[in-house]
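Peer 1: What follows is the residue order along each chain.
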Amino acid sequence: MTEHAIGNLDEFIDGEKELLSVGGIDIGVFRLDGEFHAWKNVCPHQGGPVCQGRIFKRVIDNLGPDKQQHGRAYDESQLHIVCPWHGAEFNIRTGIHAGIPELSLDPVEVFVRGEKVYVRVD
Amino acid sequence: MVDHRAGPVGKPTQQGVVKPTLQDIDTYTDTRDYLRHSREHAETHGYIDWTIVDMDAHHVESISWKEIVRFIDDPVLRDQAERFHSERVGSPPYGLVGDFGLRYQDVGGRIPHQSDQREKIDPAKGVHRDVVLTRRAMEGLACAYMVVFPTSMLFLGMHPQAQMEVALGNAYNRWVQQTLLSDDNGIIALAYLPFNTPDEACKVVEEFANNDRVVGFTVTSTRYKPVHSNEYMRLYRMIEESGKPICFHAGYHWQDPSLATIPTFLGMHSLGFVWCNMVHMTNWILQGIPERFPKMKSLWVESGLAWLPFLMQRLDDQFLMRQSEAPALKMPPSEYMRRNCWYSSQPMERSNIKATELTFEMINAETQLLWSSDWPHFDFDTPRVIYDLPFLNENQKRNILGRNAQQLFNLPDRPAAKA
Numbered sequence: 001m002t003e004h005a006i007g008n009l010d011e012f013i014d015g016e017k018e019l020l021s022v023g024g025i026d027i028g029v030f031r032l033d034g035e036f037h038a039w040k041n042v043c044p045h046q047g048g049p050v051c052q053g054r055i056f057k058r059v060i061d062n063l064g065p066d067k068q069q070h071g072r073a074y075d076e077s078q079l080h081i082v083c084p085w086h087g088a089e090f091n092i093r094t095g096i097h098a099g100i101p102e103l104s105l106d107p108v109e110v111f112v113r114g115e116k117v118y119v120r121v122d
Numbered sequence: 001m002v003d004h005r006a007g008p009v010g011k012p013t014q015q016g017v018v019k020p021t022l023q024d025i026d027t028y029t030d031t032r033d034y035l036r037h038s039r040e041h042a043e044t045h046g047y048i049d050w051t052i053v054d055m056d057a058h059h060v061e062s063i064s065w066k067e068i069v070r071f072i073d074d075p076v077l078r079d080q081a082e083r084f085h086s087e088r089v090g091s092p093p094y095g096l097v098g099d100f101g102l103r104y105q106d107v108g109g110r111i112p113h114q115s116d117q118r119e120k121i122d123p124a125k126g127v128h129r130d131v132v133l134t135r136r137a138m139e140g141l142a143c144a145y146m147v148v149f150p151t152s153m154l155f156l157g158m159h160p161q162a163q164m165e166v167a168l169g170n171a172y173n174r175w176v177q178q179t180l181l182s183d184d185n186g187i188i189a190l191a192y193l194p195f196n197t198p199d200e201a202c203k204v205v206e207e208f209a210n211n212d213r214v215v216g217f218t219v220t221s222t223r224y225k226p227v228h229s230n231e232y233m234r235l236y237r238m239i240e241e242s243g244k245p246i247c248f249h250a251g252y253h254w255q256d257p258s259l260a261t262i263p264t265f266l267g268m269h270s271l272g273f274v275w276c277n278m279v280h281m282t283n284w285i286l287q288g289i290p291e292r293f294p295k296m297k298s299l300w301v302e303s304g305l306a307w308l309p310f311l312m313q314r315l316d317d318q319f320l321m322r323q324s325e326a327p328a329l330k331m332p333p334s335e336y337m338r339r340n341c342w343y344s345s346q347p348m349e350r351s352n353i354k355a356t357e358l359t360f361e362m363i364n365a366e367t368q369l370l371w372s373s374d375w376p377h378f379d380f381d382t383p384r385v386i387y388d389l390p391f392l393n394e395n396q397k398r399n400i401l402g403r404n405a406q407q408l409f410n411l412p413d414r415p416a417a418k419a
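Protein sequences, first through last, are from chains A and B. When we follow the numbering used here, the leftmost residue of the first sequence carries the number 1, and every step to the right adds one. When we follow the numbering used here, the leftmost residue of the second sequence carries the number 1, and every step to the right adds one.
Keep in mind the hints are simulated off the structure, nothing from the lab. Be careful, since some hints might not be right.
Once the Cα atoms are required to be at most 25 angstroms apart in a straight line, the calculated SDA-like pairs of lysine to any residue come out as [as the list claims (entries may be wrong)]:
#, chain 1, residue 1, chain 2, residue 2
1, A, K40, B, F378
2, A, K40, B, R384
3, B, K397, A, Q46
4, A, K57, A, L32
Listed next, with one range per pair, are the computed distances between beta-carbon atoms [as the list claims (entries may be wrong)]:
#, chain 1, residue 1, chain 2, residue 2, range
5, A, R120, B, D212, 54 to 64 angstroms
6, B, E361, A, D106, 31 to 41 angstroms
7, B, T367, A, Q69, 39 to 49 angstroms
C-beta atoms are modelled at their ideal positions from N, C-alpha and C, and glycine is treated no differently.
Okay, chain B solo, but in the shape it has when bound:
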């Protein structure tokens, strides 16, 4: 073990005994130490040499919000935001919605990396904190590429002021471009679409369609706009023509009236992170978006996989009896879901391995599934959740851990990161 922190170095005390080489893990633990077991598993089993792409990891953009608001176009909003951050005490990030006091993801301190990452970063090197942390996570997870998403902004689709989603989303996109994507470091991103304002979303596609490091466009799924609304057709045409995927990144929303009956984060999160994408997928398929834009690739992120067999069967069952309500479809809904849609794997349910295997078969995982970690969130997955699956051959594992994402995002082979 390489000890990245200042502290006692182990000394042999008895034959074969070293004490204390291991340290308790806390919020100050270096990400590489935190993820050491994952890196070692990749080295031991040889997949460290594969090009592994993490389709969904996160940074905590609210920590850098003071920097991000400087990228707001509107001079009045920008001035207000800067004054807010320089003078107002005890306030959350300017303009962001989200239940900042209800962040129970760390299970009461049981999962320290979800609480905070206070590890030592050398400011003299001039590399942004989020780049350093991401690169360390890439090393720990043996990744060549990592797609980085925001965290608090997953709530931005619920903002009561649509113009703020535009202003903050655009500021974030430009900040990402100038920080996370400023170097050839394997970090890639998808541009945030201010989806509640379709014309503005189209401008984002225009701005980033030819940026190689921006590999697609993100809709944060926690929102109540129907994805089949006619006002989105121009946007979908532009995305289809860009050749890049549209991504629906799930989130939770505890204020949703049905979820508000649930008293624990466990129950709310279990449903919330799936429910939004189930609703959008239902509209996406039944309203015939894949028929209207057959070359557009949609990517469904962070809802796990267990919802897919349910929704495939449910929609197929109802479609058989009510075809006249989905006249655009030329085949059962499940066929669109396995041909036109891609999926990220995390949090991958596998308590019943037969169900997991059947799910892989139903969604044609060999070509449609992309491994994702969701690091540094509490339910992150390491690459071994795919590597250890007994029903996959090596080619299938390579596809899911990297090649499918390489094809979708047009990424060349690349060695695993070393921070």
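So here's chain A without its partners, still in its complex pose:
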């Protein structure tokens, strides 16, 4: 594993992502609530450029106490990165597909040291 500095802490906006090539590997680096998450830019579905997709909030059923459905709602606490090839949605924090737990993104180690952000890749 080789360590790479990928930028200063203040260059990463919370709730957004940075797309980088690090040591020949394309990755997406996400900052959520101050925490960093990094994933390889390859969708486990068909190999699509998942990190180049859009970020959406998780959609949930809006059910009443009687189990009747009243449309849909967003879960404001759950953000997904959505593969632009086919729409596969992955939780940005866990990398796990929104509906199929066996399907997940390939993680990249990311950490903060001082005022800089680093990743480790092969």
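Fit chain B to the known structure of chain A by using the hints.
Peer 2: Same frame as chain A, but now just chain B:
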């Protein structure tokens, strides 16, 4: 990565780090960038050198509808269509049916290429937009040939005016001939058959039977005419004699009463794109069309593959008990489905790889299956869905990705496209 768009070019910021070389994908992304991972997979694994044929891709003909209506034969209809497009505000394409407001395929903006393709195209080069986009898709998918189908016209079999299916279908065929097929660019097509008017469909076969770039004849499957009706026998004879396949291209129809119970595009699309071909195939086989026209090749497109094991078993099971209702058959229905029928692969279900393998075995995929992308639609498949299958050897992969289509459409070897 070759950046085909205007924008910042990456600069090294740290050792081994380049930022920002990648860009978000949106409706302006060049198709070659969109599909870069697919091209790279083909190059890395060496199948870039194979002759790959995409049996089913699409263009959005409604964008060019103003051009297409100029090819309408009837001078009155043509005049009306041209005035419609020049003067009427906020209208969908003249004469087309289809639920233009119910196009939810992009899942609320999650799949940008399904929403639109607004990428930069140089008009000075004089090549039609749809040719440019198709060639870029061929490069991205490492294809030598791409069969291009329309999109909105998949609903045309539901048109309340049968004469409009004839007028618009014929106009489209001639427009395709003069635009998409105007150059030796690897783009090929199947002629649209105005199937609700059999005599007119016969004229289409006469017109295109000897056109090498028109490799078959398409019936859009979303329609309620029984495929075994006696009025089609002359058409089938002509198609059989042409040596080209008849293709049933699936579609959905949310107004179908049973599908109208389904509240989401996901559920409706899952069934709709299969149901129409299941009905037609059932009639096709049980009414003995393959026995009546044994040399006619039928090609079943865009229903995926998972419906086939079900229908094969179901028809075989019932046929055993009710042979007198299908007296033309000399073998079980499933045998016709694996000998006389060909299939496109997309959207290829593979959540259970054992089921996928069994399906391949049941339909004799080695000779009967043709890979298809369905690009630029939301559930497109890249060639790797075939290449990565663990139960296929290289010869089988080559057949499915290209050779079966080359044989069916009489296509010589050709290198992968470079737009």
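Peer 1: All hints are to be evaluated individually against the structure, with a verdict given for each.
Peer 2: Outcome of the hint check:
1. Between A:K40 and B:F378 the CA atoms are separated by roughly 22 angstroms; this keeps the pair inside 25 angstroms, and the hint holds.
2. Our distance criterion of 25 angstroms between C-alpha atoms is met by A:K40 and B:R384, whose separation comes to about 19 angstroms.
3. Between B:K397 and A:Q46, the direct Cα distance comes to roughly 17 angstroms. Compliance with the 25 angstroms bound is thereby established for this hinted pair.
4. This hinted pair checks out: A:K57 and A:L32 have alpha carbons roughly 13 angstroms apart, not beyond 25 angstroms.
5. In this structure the supplied range 54 to 64 angstroms holds for A:R120 paired with B:D212, their Cβ-Cβ distance being about 56 angstroms.
6. Take B:E361 and A:D106: their Cβ atoms lie about 32 angstroms apart, and the range 31 to 41 angstroms holds.
7. In this structure the supplied range 39 to 49 angstroms holds for B:T367 paired with A:Q69, their Cβ-Cβ distance being about 47 angstroms.
In summary, this structure violates none of the numbered hints.
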